Every structure is written in structure tokens, then in C-alpha cells.
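Okay, here's what each chain looks like letter by letter:
There are 2 protein chains.
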Amino acid sequence: MHPFTKRKAEAVGALGESKLILSIRNWLGTTNPPAPFGIGDDCAVLPRPRGIQVVTVDPVIFGRHFDANASGRAVGAKLLKRNLSDVASMGARPTFAVVSLVLDRGVRTEWLRQFYLGIADAARRYGVAVVGGDVAQADGSLTASLTLLGEAGETRVLTRNGAKIGERIYVTGELGGSILGHHLRFEPRLTEGAWLAKQKAVTAMMDVSDGLAKDLWSLMPANGFPALRAEAVPISAAAKRLARKTGRPSLYHALSDGEDYELAFTLAQQADASRFERAWSKTFRTRLSCIGGIIHEAKRSVGSFDLNSVRGYEHLR
Amino acid sequence: MHPFTKRKAEAVGALGESKLILSIRNWLGTTNPPAPFGIGDDCAVLPRPRGIQVVTVDPVIFGRHFDANASGRAVGAKLLKRNLSDVASMGARPTFAVVSLVLDRGVRTEWLRQFYLGIADAARRYGVAVVGGDVAQADGSLTASLTLLGEAGETRVLTRNGAKIGERIYVTGELGGSILGHHLRFEPRLTEGAWLAKQKAVTAMMDVSDGLAKDLWSLMPANGFPALRAEAVPISAAAKRLARKTGRPSLYHALSDGEDYELAFTLAQQADASRFERAWSKTFRTRLSCIGGIIHEAKRSVGSFDLNSVRGYEHLR
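Protein chains in written order, with the numbering used here: chain A, 1 to 317; chain B, 1001 to 1317.
Hint data in this document are derived by calculation from the structure and do not stem from the laboratory. Model, not experiment: these values are computed from the prediction. C-beta atoms are modelled at their ideal positions from N, C-alpha and C, and glycine is treated no differently. Be aware that a few hints might be false.
[Stated by the list, open to error] Capping the alpha-carbon separation at 35 Å, the derived lysine-lysine pairs in DSBU-like fashion look like this:
1) K19/A to K1006/B
2) K164/A to K6/A
3) K1299/B to K19/A
4) K19/A to K1240/B
5) K240/A to K1019/B
6) K1008/B to K245/A
7) K245/A to K1019/B
8) K198/A to K299/A
9) K8/A to K1164/B
10) K164/A to K1019/B
11) K19/A to K1245/B
12) K1008/B to K1019/B
13) K1019/B to K200/A
14) K299/A to K1019/B
15) K1164/B to K19/A
16) K6/A to K1006/B
[What the hints assert, rightly or not] DEER-style ranges, computed between Cβ atoms:
17) T30/A to E1297/B: 30 to 38 Å
18) M1001/B to R64/A: 25 to 33 Å
19) T1246/B to G51/A: 32 to 40 Å
20) D67/A to A1230/B: 50 to 58 Å
21) E1297/B to A9/A: 30 to 38 Å
22) G1140/B to A9/A: 34 to 42 Å
23) K1200/B to P34/A: 31 to 39 Å
24) E10/A to A1230/B: 38 to 46 Å
Just need the whole structure built from these sequences, with the hints factored in.
Here it is in C-alpha cells:
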């Protein structure tokens, strides 16, 4: 279903603001608690969190993060899941969300209904309450920004900052070719992230969303260089399919496509890596790959695999 | 300065994402704490709030909430202040903000700098830390959504729900004609809101942003009807100026223009209204008007001033 329609009766413009907000609350159903804890007052009122709190914001934009081929339901779920991936990468659990919607009057009401049902699906699945939002009109737009709160509970928050030279680099799942479907179907690594935050040997973590080649630099300490073993990078079947179309190496797609929503993290040098990997395998079916380690940039050999030759996704390219 | 430019070198597209994010952090200055408490990780990490927490989200959209005549600085301040007004209306104090920016590559970098300086101005003034954000590109867009957190501290949160039939209705400041400048220059009623939340006699509160004629219905209890005294409605000088242009009554503008960002609240029937008004006058210079009371809708006389004849601002009109 195309998100825009030329039939006025089928478009949100025919609803008007008050009815649209009422519809949104109906579509969100039980994931939207009654005011003042949900939509319906000037602010939503939140219970006091039990631990450290985290917050993140990410949008979905028509023509950028989805097109007319994606169902509204998948797009709504994607909006929440993009943010869930960020919360997962801190080792936190998600709590509350607010959604800011900017749309053209010609957006199809049924598409929007599917979109909010998709948010509600994912909210129920991952235990998130959608407590607030805003709807505004702008010609030609179909953009939604979701702000997600989370809490780290008793455990620590795992940041990007903490890795040292000599540590191993790991990545969950498989990378590349996300555009062929994974970007709508992925599972945010919440349980994995929470488990990793409990392992003291894990020193730093982030989610891979702009492509490993770009993102991995954020985990590097001063003078650190990511020395990767090309054969260890988990290349997805989609990256291989895409490579056949583009004529580029599948490794290129695995490293630079973006929207993988996997976790990359580092393991302390003194940790028993085999034991850690066994503990992982006992707990998760999710694939885990040790893709290399952090070396001193001075030790980087000229012939070695060079991440600088691959670029991740730049949003303003 | 027009927010869009055709000179590529002056546009954000020339910066690229990484440099743009770095620039934003510089522009925000001290209002953006270092990661992981500010921008720079997958999530921002927040200290545990001391009391009940509130959250709200509101955007500014080019062509909708501002045009090329408004300075970037005023627009940035407006974005934060719109949300501050919502926090004020709960009687809470603001704490943390995240900003989601969706923009065309052709947005002028200098305009954007002014915009973030404006956010930073207001953030410093009202004690807000800008802890996170996102930047995404969409052709033809210039939209920013800000999510604001606040906390109610020791005092209660004041919601829209709580007024009873027989109570007086008050409004702060003066209403109407906001489009002539007030919508960029207004002061969110934070100190007034916090003070009102401490007065037990105040039963319900909201901010007036879509025009009193539309907004006031949100304060009405079941079967309640807002009986206003037309002569008591505080009409701004701008509403009178606008009325001379439009040929409409200035009262119409006061009741329906929107973007007043004033507080409307109700006072318990048993409260000593004169004493309450004296206490207000001792504490604030801000004008306070008792504009009427809540009557049973059955007692509404046909000839009386009827809010239904005036409509507030509908966002999807």
C-alpha cells in the first residue's frame, strides 16, 4: 500500500487533528496507558526509574528509511526497533517511548493505522509503553521520530568508551545486504545486550547501524586500530546476493551497507575468550564472531586489511 | 537569513554527517555534557530523577512554526520553549532534552548554527541539558522535534484532570495575535507553573497553545461548560493590532489564534479567590485573569457567550 493517496476521503487530512489523535490512541491500544501516564495531557507522567536511565532518538523518513514497498506495519515496528537497538547496545532495558509525527495531509489513513499497529506490535513484544507524542503537518513529509527511554537496572551501563589496545573485537549476527529485507525484519539484540553488560570482561559496546567500517572507529581507544581478519567477518546471505547484483565483493557489503542492528563489543585481554564464547553459545543461538583485535596504529602493516578503504553509510552523502 | 541556500559551500551537505554532528556539539557548548551523559554514544545516560518524571515532545517545522523572516536563533529557542511550556503546565521543572533534526542538504550551515545557539541560549536560561539527538536527511525538509524530560520534585504533578463544576477559570498573561511576534518571544511560565502546583486550591492546569476556545475543553469535567465573561478575557495589544488588519473582533483573535503559551487553570470552589489573587500579585508581575467559571452544561443559557462559536487552531486544517 502506498503511504500517500490522492483520494481525500482516504487521507488523514479528512480526519482533522482531534480525530487523528483519538485514532492513534486506539491503534496503540494497551501500549498507550491512560493519561496522565500516557497520551492526553501536556506531558506524560512517568514512574520513577529503578536505576540509571538512558535515552535515545531515531527517526524513520519516507524515501530514506523506507519506501512504498514496505508495509506500514513493518515501518512502525522498524521505528521502535531502531531505537531498541540503541538501548540494547547500552545493556539497558527499554521502558517508555514518545513519537513525533510530521506528515502531509495526503498520507493514507489506513497506512498510518498499520504504522501505529506496527509500533504497538513491537512495543508489546519488547515491553515498551508509548506514553506521548505529537502530530504536525508539513507538505510532502512523512517522518516520525521516536524517543525511547530505558533503564539499566542493577547492572552497569556499557558505553562505547572502555576498550584497550590488545582486546578482541566481537560482532553478533551477520552483516551486510540489509536493504534486501533485514532492515525491516531485524530483532534488536536486547537480551544479548543485557547479558553482555553483566559480563565484566566486556569492556565496550555499540550497535552496528552505519556499517562496521564506519562504526568500529567509535570503539577505538587513543592510538587504537581495528585489525580485522577478513575471513572472520560474518557475511550475511543477503550481502552475498547483493554482491552478485552490484559486482562488489560481499565483504564490502558486510562492512559498509549499514542497518545491521547487530552489537559490536570488545573483550578484556585477560579474559578467557574460549570460556566466554562457550558461555555465549550455551545462552544464545545468535551467531557470535571474533573478527579481530585492537592493535596500536603504529603496528598497522601496510599490506593488512584496511578498514579505511571501506566507508560506512554517511547520512548526508 | 533564509534557512535554505543554493550555494553548496554554504550548505550542510558540504559538511557531511560526522562534521555536522561535531559542529552541533560545539554550537551547543556547555549545554551538551560529555558522553555518555551527552551526545556521542548510542544512548545518553541520565542520573536518576529525584521525583516523578514527565516527558513531552513538540516540533518546529519550516513553513509551519516559522518562516524565512524568523532568525535561526529565535527558532531554536522557540523549539525548546514550546516544550518548556508543556513542562510548566504540569508544575514540573525541565531537566534533559534530545533533538531529532530532519533536514535538506541545502539548509544553510550558518542558519543551523544560529538555530543550535538559540537552543543553547534557552537551555542555559532554563537549566536544561541537551543530552542527545539525531540528524537525518530528507529532501525539502527542515524539521526538528525536541523531546523534553522534567521532574516534579517534591510537589505534585498538576494535570488537566481535576476541575469540578462551580470552579473559577484563570489564565495567565494576555492572549491572541501571537503570529505578530509573541510566538518567538514568549517566556514559558515555569516559575508560575511550579508555584501553582504548590497551591492546593489549584485543581487542574494546562498550557494554552492551540487557542483558549479549543484548549479550554480539555479542562472541563463531565457535563462541565466553560462560561466565560467576554470582558474578562485578557486581549493582547497584538490581538487588537491583528483585529484592525483582519476586520475580526480582537476577542476572536484572543480566543482562537493559538501559540499563546500561557497557563489556564482552575481554582477550587471553597478557595478564597481574593486571597489567592493577592498571593499571586505579591509573587508575580505576570497578569492573572479570572475569565469565568465552570457551569453545568444544562444551565448554559442560549444568549450567553458561546465558546463553540470560536475555534482554536487545528493542526491538520
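Here is what the structure says about each hint:
1. Restraint check for K19/A and K1006/B: not satisfied, since their Cα atoms lie roughly 40 Å apart, outside the 35 Å limit.
2. For the proposed pair K164/A and K6/A, the alpha carbon gap of about 57 Å is over 35 Å, so the pair is violated.
3. Our distance criterion of 35 Å between C-alpha atoms is met by K1299/B and K19/A, whose separation comes to about 28 Å.
4. Only pairs whose Cα atoms come within 35 Å are accepted, and K19/A paired with K1240/B is accepted, the gap being roughly 32 Å.
5. This hinted pair checks out: K240/A and K1019/B have alpha carbons roughly 32 Å apart, not beyond 35 Å.
6. The hinted pair formed by K1008/B and K245/A meets the criterion: a straight-line CA distance of about 33 Å does not exceed 35 Å.
7. Pair hint K245/A plus K1019/B holds up; C-alpha atoms about 32 Å apart against a cutoff of 35 Å.
8. Taking the CA atoms of K198/A and K299/A, the gap is near 32 Å; set against the 35 Å cutoff, the hint holds.
9. Between K8/A and K1164/B the CA atoms are separated by roughly 40 Å; this puts the pair beyond 35 Å, and the hint is violated.
10. Between K164/A and K1019/B the CA atoms are separated by roughly 25 Å; this keeps the pair inside 35 Å, and the hint holds.
11. Simply put, K19/A and K1245/B have alpha-carbon atoms about 32 Å apart, close enough for the 35 Å limit, and the pair holds.
12. Of the supplied pair hints, the one linking K1008/B and K1019/B holds, its CA atoms being roughly 15 Å apart against a limit of 35 Å.
13. Distance hint between K1019/B and K200/A is fulfilled; the C-alpha atoms sit about 34 Å from each other, no more than 35 Å.
14. Distance restraint check for K299/A and K1019/B: the Cα-Cα separation of roughly 28 Å lies within the 35 Å cut-off, and the hinted pair is therefore satisfied.
15. For the hint pairing K1164/B with K19/A, the CA-to-CA distance comes to about 25 Å; that is within 35 Å, so the pair holds.
16. A distance of roughly 31 Å separates the Cα atoms of K6/A and K1006/B; the hinted pair therefore holds under the 35 Å criterion.
17. At about 32 Å, the CB distance of T30/A to E1297/B agrees with the hint of 30 to 38 Å.
18. Taking 25 to 33 Å as the suggested C-beta distance range, the pair M1001/B and R64/A conforms, at roughly 26 Å.
19. At roughly 54 Å, the beta carbons of T1246/B and G51/A sit outside the given window of 32 to 40 Å.
20. Between D67/A and A1230/B the beta carbon distance is about 53 Å. The supplied range of 50 to 58 Å therefore holds.
21. At about 32 Å, the CB distance of E1297/B to A9/A agrees with the hint of 30 to 38 Å.
22. The hinted window of 34 to 42 Å between G1140/B and A9/A is violated, with their beta carbons roughly 26 Å apart.
23. A C-beta distance of roughly 24 Å is found between K1200/B and P34/A, which places it outside the suggested range of 31 to 39 Å.
24. Roughly 41 Å separates the CB atoms of E10/A and A1230/B, a value that falls within the hinted 38 to 46 Å.
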